[in-house]
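Sequences listed follow chains A and B, in order. Reading the first sequence from the start, the letters are residues 101 to 450 in the numbering used here. Reading the second sequence from the start, the letters are residues 101 to 450 in the numbering used here.
Read the hints as simulated data drawn from the structure, not as lab findings. Any given hint could turn out to be false.
Note that the list lumps identical chains together, so a pair holds whenever it fits in one copy or between two copies.
Below, in silico cross-link-like pairs of lysine to aspartate or glutamate (EDC-like), each with a Cα-Cα straight-line distance of 16 Å or less [unchecked claim]:
| no. | residue 1 | residue 2 |
| --- | --- | --- |
| 1 | K321 | D193 |
| 2 | K149 | D208 |
| 3 | K445 | D302 |
| 4 | K406 | E132 |
| 5 | K175 | E312 |
Quantities reported herein were computed from a predicted structural model and do not represent experimental measurements.
Residues per chain are reported as follows:
Number of protein chains: 2
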Amino acid sequence: MVPLLMTPGPTEVPERIRTALAHPIVHHRTPEFTEILDDCGSRLKKVFKTDNTVYTMSGSGTTAMCAALENTVSKGDKVLSIVFGKFSERFRDIALSVGSDLETLQFDWGQAPDIGKIEEALSDDVKAVTMVHNETSTGVRADVEAVGKLVKDTNALFICDTISSMAGDNVETDNWNIDLCIAGSQKCFSMPPGIGFLSVSDKAWPVIENKEQNYLTDLNKYRSKYPQTPFTAPISLIYGLQEALSIIEEEGLDKRVQRHRKNAEFTRTAVKEMGLELYPASEDICSETLTSIRSDRAEDIRSSLKEKGILVAGAQAPEKGKMFRIGHMGSVGRPEIERTLEALKEVLEI
Amino acid sequence: MVPLLMTPGPTEVPERIRTALAHPIVHHRTPEFTEILDDCGSRLKKVFKTDNTVYTMSGSGTTAMCAALENTVSKGDKVLSIVFGKFSERFRDIALSVGSDLETLQFDWGQAPDIGKIEEALSDDVKAVTMVHNETSTGVRADVEAVGKLVKDTNALFICDTISSMAGDNVETDNWNIDLCIAGSQKCFSMPPGIGFLSVSDKAWPVIENKEQNYLTDLNKYRSKYPQTPFTAPISLIYGLQEALSIIEEEGLDKRVQRHRKNAEFTRTAVKEMGLELYPASEDICSETLTSIRSDRAEDIRSSLKEKGILVAGAQAPEKGKMFRIGHMGSVGRPEIERTLEALKEVLEI
Chain A
101 MVPLLMTPGP TEVPERIRTA LAHPIVHHRT PEFTEILDDC GSRLKKVFKT DNTVYTMSGS
161 GTTAMCAALE NTVSKGDKVL SIVFGKFSER FRDIALSVGS DLETLQFDWG QAPDIGKIEE
221 ALSDDVKAVT MVHNETSTGV RADVEAVGKL VKDTNALFIC DTISSMAGDN VETDNWNIDL
281 CIAGSQKCFS MPPGIGFLSV SDKAWPVIEN KEQNYLTDLN KYRSKYPQTP FTAPISLIYG
341 LQEALSIIEE EGLDKRVQRH RKNAEFTRTA VKEMGLELYP ASEDICSETL TSIRSDRAED
401 IRSSLKEKGI LVAGAQAPEK GKMFRIGHMG SVGRPEIERT LEALKEVLEI
Chain B
101 MVPLLMTPGP TEVPERIRTA LAHPIVHHRT PEFTEILDDC GSRLKKVFKT DNTVYTMSGS
161 GTTAMCAALE NTVSKGDKVL SIVFGKFSER FRDIALSVGS DLETLQFDWG QAPDIGKIEE
221 ALSDDVKAVT MVHNETSTGV RADVEAVGKL VKDTNALFIC DTISSMAGDN VETDNWNIDL
281 CIAGSQKCFS MPPGIGFLSV SDKAWPVIEN KEQNYLTDLN KYRSKYPQTP FTAPISLIYG
341 LQEALSIIEE EGLDKRVQRH RKNAEFTRTA VKEMGLELYP ASEDICSETL TSIRSDRAED
401 IRSSLKEKGI LVAGAQAPEK GKMFRIGHMG SVGRPEIERT LEALKEVLEI
């Protein structure tokens, strides 16, 4: 038996999408497939709430994170990296690997980034600011809009990872002044992993055009081929993406965001009623796509839930064993959440 | 109607594999999925005919090509790049993009690389040699074994692209002294695109360990996580890969290679009987996984075949319009080839 996936990505993939994956292969360089790519591209713009082009990359979310930094940061460029969990650490590490002059703004796990401190650190010579919207490792949601307002009037590019919020929680790429907005297929899109998404603003292009680029991630190649891709597209996954976008449109993006918020609140209320403690420092910074719960019994709870056929996520280092995380993203709905919470009650013997 | 795919990758994907893609998602960081990755890894070694580990990368074949060069070539390192078509040009361009001191050995399209000239060019200071085994753009097969023998006793690493031959034609990674052997899912594996493969020899590891690495393609990360992957694996495609490997094993790798050779010979004989000219300079350098045919009517022929529900490939620049290519790789068998050749006869009004 395959357990119910209540992890914060990958998520359960609806049968409609899984059936689409099994569609016979159409050659990726035909006009027919170009049309499919074009269709996905224009629909992705609506999900991203952007007028910028959204590029589709064969790979993981990390592929798009690397592409964003490799394309815009040259050796010695000052990068301000806002770190409040595992995935923002990854951003910092990538910024370091491209040879940036790195300034890290570190916040404690479970805390949201302090906007005042970011404002202080945002000097004139900063070339790029990296920030995660929804820290999957801690279940904390950051105020991207506020940081976007600060970065907007500087020369810096605002590079934002919305991998675990896009298509679930509200993300407004253009209104929030995100220059490079990153997402992935396996979170709120309810798709299998294998596609990274990346939108690029007009402010970012001159930087990208005037920089020596890495062969694999060069966004100039992506732009010149669009809606085609410079390298072979993952055809089956693109079929799945089309179906995922249809599911999102049928529900309506705003309604989908409301559903995620209601489900998140429902989950938080239920776990608090069980006497459990939310991991984030306060409720107003809690993620709307996953709930992270502080518990020294985390690994026992996870094992017992797994025996009941439900998979939730543990914590990543350095919090291993002290926290567990329930995903309620994408197509995961109230019935799956209720089943999980019922099982959790049984495990806790409430 | 989806046309019959007789292109040299992507190929028709058998229903068994397409059904496997639709399997419910298992979380990629569970012991259950680690076991699947481990299983694929050990079976891939048999297909590669290597004792080296074969790494599975989320992306395209180009991802693995870039990984091979980025991991082993430092700025200023001398690279000898053997070019005889579009995909060996890509290798050359990647070598250039990593800042190598590049020496290109250029051979005409339709010719196989001249081993004598490679021997002459192989000076002591060469750090890496790049070579394509099966040039999909020209339908020419190169003598990788002979070049491997030359490179073996030098300090250079032998980096070989077997993307369109692995699992179809005979490839002997270890016997041919290939240090970094590259393959992809969408050619003779009959899988959808989305996975690149890369094996790494003992000779290559010290070079990789002692070089500053790119975040995304760093093979040290792949080695330390193996059989797990450093970034999220494309779960659905991995299910497909397992099924593809079962299909290969059920047929038997040697029998599979024989089938490809017989089908290639059958195709060549048939097109010659139609009065068509093979593109490669001589029959002994013809690819066993695709047949390339010289014709000024190439684009007309392709259109007419498409009307009959069969897709073959055209030529890439600079030969556009002067050649077409029939793929006979992976699960494509005699019935599909016969249907294609019959249709070709009708188009040519023979």
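Against the structure, the hints:
Taking CA atoms no more than 16 Å apart as the test, K321 paired with D193 passes between copies only; the shortest distance there is 13 Å, against 25 Å inside one copy. Proximity of K149 and D208 under a CA criterion of 16 Å is satisfied in neither setting, with 31 Å inside one chain copy and 49 Å between copies. Proximity of K445 to D302 under the C-alpha cut-off of 16 Å is found in neither arrangement, the shortest distances being 51 Å within a copy and 52 Å between copies. Within a single copy, K406 and E132 get their C-alpha atoms only as close as 44 Å, which misses the 16 Å cut-off; across copies the closest is 12 Å, which meets it.
Proximity of K175 to E312 under the C-alpha cut-off of 16 Å is found in both arrangements, the shortest distances being 11 Å within a copy and 14 Å between copies.
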